[in-house]
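Given chain A, put chains B and C in place with the hints provided.
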Amino acid sequence: MVENRPLTSVLTHVILVLGVIAIALPIWITFVAATHDELRMNQAPLPLWPGSYLWQNLKQTLFGAGLSGSETAPVWLMLLNSLAMAMMISLGKIAISLLSAFAIVYFRFPFRMTCFWMIFITLMLPVEVRILPTFEVVANLGLLNSYWGLSIPLIASATATFMFRQVFLTVPDEMLESARIDGAGPMRFFWDILLPLSRTNIAALFVILFIFGWNQYLWPLLITTDTSMTTIVMSIKQMLEAAEQSPQWNIIMTTALLAMIPPIFVVISMQKLFVQGLTETDK
Amino acid sequence: MAEIHLTDLTKSYGPTEVLHHVEGAIKDGEFIVIVGPSGCGKSTLLRMVAGLESVTSGEIRIGDRRVNELEPSARDIAMVFQNYALYPHMSVRENMAYGLKIRKLAKAEINRRVEEAADILEIGPYLDRKPRQLSGGQRQRVAMGRAIVRDPQVFLFDEPLSNLDAKLRVQMRLEIRKLQQRLGVTSIYVTHDQVEAMTLGDRLMVLNGGYVEQFGTPIELYDRPASVFVAGFIGSPAMNFLPATTGPDGVTLPTGGTIAAPQVQLDSVLLGIRPEHLLPDEAGEITIVVDMVEQLGANSLLHGTLGGTDHAMVASVAGHVSAARGAQYRFSVAPEQLHLFDPKTQKRLDA
Amino acid sequence: MLKRVHFPTSPLPYLLVAPQLAITLVFFIWPASQAMYQSFLIEDAFGLGSEFVWFENFQMLWEDQHYLDAFLRTAVFSTLVAALSMGVALILAGFAQRVVQGAMVYRTLLIWPYAVAPVLAGALWVFMFNPTLGIFPYFLEFFDIDWNHYLNGNQAMGLVILAAAWKQVAYNFLFYLAAMQSIPKSVIEAAAIDGAGPGRRFFTIILPLVSPTTFFLLVINMVYAFFETFGIIHAVTQGGPGSSTTILVYKVFNDGFVGLDLGGSAAQSVVLMVLVIAMTVVQFRYVERKVEY
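Residue numbers (our numbering), protein chains in the order written: chain A, 1 to 283; chain B, 1 to 351; chain C, 1 to 293.
Simulated from the structure, these hints should not be mistaken for laboratory data. Honestly, I wouldn't trust all of these hints.
Said to hold, decoys possible - Below 20 Å or equal to it, Euclidean Cα-Cα: the simulated EDC-like pairs (lysine to aspartate or glutamate) are:
(1) K3(C) <-> D173(A)
(2) K130(B) <-> E115(B)
(3) K237(A) <-> E228(C)
(4) K104(B) <-> D192(A)
(5) K3(C) <-> D192(A)
(6) K130(B) <-> E174(A)
What the hints assert, rightly or not - Derived DEER-like restraints, expressed as beta-carbon distance ranges:
(7) K347(B) <-> R199(A): 54 to 60 Å
(8) R66(B) <-> R199(A): 37 to 43 Å
(9) N154(C) <-> V10(A): 35 to 41 Å
(10) F203(C) <-> D291(B): 57 to 63 Å
Unchecked claim - Only some residues are given here: those of chain A computed to face chain B with a beta carbon under 8 Å:
(11) M175
(12) E177
(13) S178
(14) I193
For each residue, glycine too, the CB sits at the ideal point set by N, CA and C.
Just chain A, same shape as in the assembly (with noise of 0.2 Å):
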């Protein structure tokens, strides 16, 4: 700070405390709810303090029933659908843009510029604008309910090809001469050089990228009509929908706890990496 006066220097930690408390209050009273029981979490007003009963609700969130008088999935199978579809989309996005990326920056050939512009295309195209004809596509080819039709629509990236093409772009191209007298071909290339040198890149949008993958939520609910195949975020909708009849806000919450703590332990464990991937791909 410039100046040193004490009561701005006041000031401004007051103004961010507060801001902190406000953008946590959320976060917070989720995790207070999944600390109560059923019966406190009926009374208004609710509590604000956490109270004893976590380690019961995770255990008849994780391995009970769930929500009682609903028919869905356990919570760790959703848990575990979440993850799969995450892992798949996210390591799907970085292996294809990686290669299509290299392929634009150390190849000249035909059609170059029209792949080029296909990719690009893509962002242009968000999910929301041809849900319809998307989820015929991947009823028509038979990719309801399952794994590959939860991640590969998703998996195209132009963000993530631009990205790489901008870190390739970077390498000297000395490292690809000295290569070529070493003797590596292109692939050999492509992962004893390009990829460990991308390494802090590929990190960086992991982090990005399974919080995106994670989060789906329109395109799950269009695919998935199996109880099985239904992934963490999902089940928040389904379960708000049964809480107009049995109102059991103590699950309903730690359920949500449940969803959010993988994508937020992400981001607070990888901060550096979170914010350098952000910055990356969104330029």
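Below, chains B and C alone, put in the same frame as chain A:
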């Protein structure tokens, strides 16, 4: 080890020809320096030998093989790059071993070669470090090491010293020369620095605008430059050039004075005189009006103009000279140290 | 900037781009062209045949008061979400960049909503504003405000805006903080020497210098509010009460999947496509070159 033959070598990018009919025969074990200003095509020529640029027409032979169509890795060459091009994620050892690993050499053999090269270059203690943990000079050595371990027929150097500071450059220059003599590997070295070229090369190929101006030993280039360009490029400070007319007594300077010179067929010529060949002589025909003196310690450089004209002249005089601005000095020059050029073709004129 | 050297020509690059192109073709370009084609068709009442009607579907949209209302509603919704989330983020970033030690601690504490799925964000807020149990309605009662977003359309709109803005603050905060931290310290110090206090410096130096970021975030936030808030609406209000929170994306989904109006839904998709293309063009034309970090 091998000879290299360049035959009628041409390189074009689209319609633009950047190298024109380059010819050259390089003997086994010779150290050749390709020198010229930036953009003269010297790096392109080197990269064509390396296989990193395609050949438009003509032929490159290494040993008894035509290599035009061969991949870089199949040409049995090694290259040291200007920015070293070390793989940043590999240790020094891995960097040196990479090419050998691809060629599927036995582990023991790879280790033997790496250790040997590390010994020669005195980089043994750094073998397990990453390139970023090394100084510029050490990286330079690693880049050389990577070339040595391959035991190639040809070394190619692409301005390998230009990223080093002046003192280190001089030291590494000597080391490269010693190393090459010790290993006896045919080498091609590209630089824009004429001092580097003169001190390193057995022979120099001077390139200008895609043409070979001259290909010869440093002394040939200094004593008998084939063109105005070579004459001006080789030697420091650069040669003085004056227009002159020829006559039976020699050549007549713009000042009107005549000095003895070899006889040539042309009426008007471009006269070249090296600054160090101007001898102080009270009776000399060449007068320099001093603008400025550079004191270099062992000698002094007199910058000025040819008396009564505006032709710039430099003279190198032994010892200390302190001349005031406007002072006049007279010089003479031995006829055999005059260089005569055709003003039109810019080529050397011989008697 | 392009590479000076390439690998020799071979079929390899085609193999490398094949997976990406195959997915793009099958799941992006083909469905999008289908949507475009269907937008020119009207199915008969029994779903047995369809008739090519040129722009009739679009004309019907244009004359459909519900659709025009949804359009306007989306504009209001997106503007408010962008303004609220960017405003809060700007203020927080402005204060956070003043903190020498601990700016990163605040950043850590402020970025997690980014990780929360929109539908979860909706669930959290709907819980806090539950008319019978929620914390906020309980406190609002002291101000004689009767909260029930299931009945009151404006309250429902307010709630989805809050939830959508809350989730996006984290993202905007990160970009603003990064932009402010990249302003050279000497510039701020020079302004201080010129006699500008902290508030004045913020408005006359910092704000203008982060304006490229503001523009960039504006586009990003509009795209977010247009397309990614589907989950929030779906969880919180399902477009209701009535259609008071039905934004365009929700309407496409609803008319297509629930109402099964293929031609109309396809025409809506095409309109959305045009909007995305416009926003992408703006983003690339004006943002790409100006935003620097």
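Out of the numbered hints, which ones does the structure contradict? When the structure is compared with the hints, none of them turns out to be violated.
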